[in-house]
Amino acid sequence: MAEQNIISNENTVPTLCKRCSISPSVINLRTEHLCSDCFDKYTRSKCIKRMETYRVRYNPPDTDTSPRRLLLPLSFGVSSITLLHLLNSQFQNQLARTTRTGFVLVVVHIDESAIDPTVPPGEESMRAVQERFPGLGEYLVVKLEGIYEFSSAVKAFEIDTGGGGGEGGDWKEKLKGLLGALPTPTSRMDVLQILRTRLITGLARKHACEAVLWGDTTTRLAERTLAETAKGRGFSIPWQTSDGDSPYGVKFLYPLRDLLKKELAVYVSLDVPTPLRPLCFGAAEEEGKRKYAAVGKGITIDELMTQYFEGIEKQYPSIVANVVRTAGKLVTEGGVVRIRRCKICGLPRDGGGGELVLDAETKLGESSSEVNGNGNRNRGKKEGDSMCYGCARSVHGAKPYEWPL
Amino acid sequence: MPPALPIPASKLCESCRSARALISRPKTHQKLCKPCFLSAFESEIHATIVSTNLFTQGSRVAIGASGGKDSTVLASVLRTLNERHGYGVEFVLLSIDEGIKGYRDDSLETVKRNAVQYGMELVIVSYEELYGWSMDSVVESIGKKGNCTYCGVFRRQALDRGAERLGINHVVTGHNADDIAETVLMNLLRGDLPRLHRCTSIITSSSSSPIARSKPLKYAYEKEIVLYALHQKLDYFSTECIYSPEAFRGSARTLIKALEKVRPSAILDIVRSGEAFSRMILSQAQASGAKSLQESGVGVDSGGGGAGCNNGGTGRSSGGEMEDMEKALLAEMSGLEASIPPLPSIAPGKPKKMKQTPKKIREQTMSNCTRCGYLTSQKLCKACTLLEGLNKNRPKTAVEVEAGIEDEEASSSLRRGIEAIKLAEEGIVN
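Going down the list, the sequences are from chains V and H. Counting from -7, one number per residue, gives the positions in the first sequence under the working numbering. Counting from 32, one number per residue, gives the positions in the second sequence under the working numbering.
Mixed in with the good hints there might be a few duds.
[Said to hold, decoys possible] Subject to a maximum C-alpha distance of 27 Å in a straight line, what follows is the list of computed DSS-like cross-link-like pairs (lysine-lysine): (1) V:K306 x H:K288; (2) H:K292 x V:K391; (3) V:K38 x H:K358; (4) H:K292 x V:K306; (5) H:K288 x H:K65; (6) H:K264 x H:K143.
Everything labelled a hint here was simulated from the structure, so no lab data went into it.
Please construct the entire structure, taking both the sequences and the accompanying hints into account.
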């Protein structure tokens, strides 16, 4: 995977690093060839630039000089491990220079073994990571079904009491039931992503973190942009791709937004300055999923976009960056605060998905019989009204289930 | 009265529950009988027209007709709906004759038959008469590369002039949901905010043209258009323009088709997202870039597609647009090309809306072309500029490269006609 991105110079004169002109180049960054040391510096600078807000604070002008608490979701994939590593070196630098730091981390791994038993629970991996980066802050593994813990904080919605199952049921079973009720792999992946986000932001609030540091690369943000567009969530793209306040009551920050996925793959493969590969426990799994998705008919919209941008990234990396830049110019209508929130994703609604069923004939061309064919038009109407269009689309045709939030 | 041979419940039309389902609707995968499909298709277009107040009683509206499936279905459905719902609109067919032997001459025959079948007046405007050049002679002069630019510029003006000649200020085109979804994705990939802002509007009128363009098939799936044409036994022409190359659109189109397979609603969902985008673009960004657009004369929202460009490649003739764009972006990044203004970078920790600094926008004043009188922001309109080059037998390729814009929604699809018919057959249950 990484090798193909490394410029192989075996049969030609080795290209020298354009910055130091001493060492051989290991990567071609669109406009310049860099050696591993210079590439390391480059990568760090990209991340540090985004972390500007979290430098060490001093007494005047700051009133509060305590380090800010930031939550870092860790999937053990290449991106989040690299981000952790980059933040660690920034952290160590701050310590060395000032004996203080501008931030501490709450590193969280979401254990999804409830819905996929082949996924390791993550405690062991987390220990390995913690040993490697001690002193950065806290390390937690939280089960995905823990999302039900937050249901009391937010009003619990019930789409339909599908008989039994209801209150006090087993969270794990509830979660499986919910995802199992969804009609397609695309819907499941979509809702899963929402559950993760809501759990992570819930944890951030619980652990008094002011921001979530997402590991998304440029490539990932471009994928997200097009995938959300394709899922009818165009309206929510700023909330899912931009740095700053999110409607979840915590800030979002994407420190790796200026780095491509393929660049991180090379970075990790270099083992410079420190080997990161052994910590990327999730990377093999990512790889496996992708292959499976390519052959299986049950590919999802998100996976399709991942594949699409993998191709684009190889040939046209600037176009990938351009998509993200374009997304960055979209502004949310009415800002972050809007009263009407979607009961599923929690984002301010875009006029809602009500018309999915209500206006079917005019807008979506779904004949009314599909809705009232089994006599549940009212239910459908109510559902659509309290959801955004994208969520209404994802749960359209779902079996009865109970929504945790 | 039960039928002699009862139809199993699973094979019944999901709408009327009485006839046997024959069609699986591409949009929803609903199983419908033929009459229910036709009526669902028509009533959706009617709903689009009514909800957007597209037509006014007593007006005359031109249908940009190429003889292809989109515009043929559009003409047929509009005639049906006009009678059924009493729109009180007089529809006229407006065709452009680019002068391409073996392609346009044949498709124009189709349009002529349509005019008789639908009882509509037909006006044909030819490049030859307007500009003194047919596309065949343009290609002879400048070669196959880059000629789509000429065609696009000429078509846009020809449509306007044709409408003017008819005393009409509204042209409807056959752009469908697939075309629009394609355009939304394409504009995201190209980072074209002004286009992203406009490309989903049902109706567009701009300062550069006195003629409004609209897209009543905006929510209609290409596959359903083919099915409709098939079941109504419509007379349409399906051949690709002989000069048509595969252009930029290819990438977005492939993606759309894959998305549609994964989730049939994806096309509509993209249109929906595109509609949201159009409200999410700051007014400064909406206007910027308008200049190059005027200059190029092509790519204004509805493009010329409805009147016949099948490939969408009005801007470029080679498939290297993504490459060109990559190069342009790179150049921009390294500051080599001063002509492209640097885009504002994202400041950390600040919400998006804060960092949008007002960009200098070249205010453009529209005036009439000193040569032909067409609206333009320059001294000469784009067509006259191109003509000047042609007439000197010195094509001005540099201009096109800078413009680099093609049709927003190429009413793509004659090219795919055959394929689409195959799909249509697949769409028939049992």
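Right, here's what the structure says about each hint:
no.	hint	verdict
1	V:K306 x H:K288	22 Å, holds
2	H:K292 x V:K391	22 Å, holds
3	V:K38 x H:K358	22 Å, holds
4	H:K292 x V:K306	25 Å, holds
5	H:K288 x H:K65	25 Å, holds
6	H:K264 x H:K143	17 Å, holds
Checked against the numbered hints above, the structure breaks none of them.
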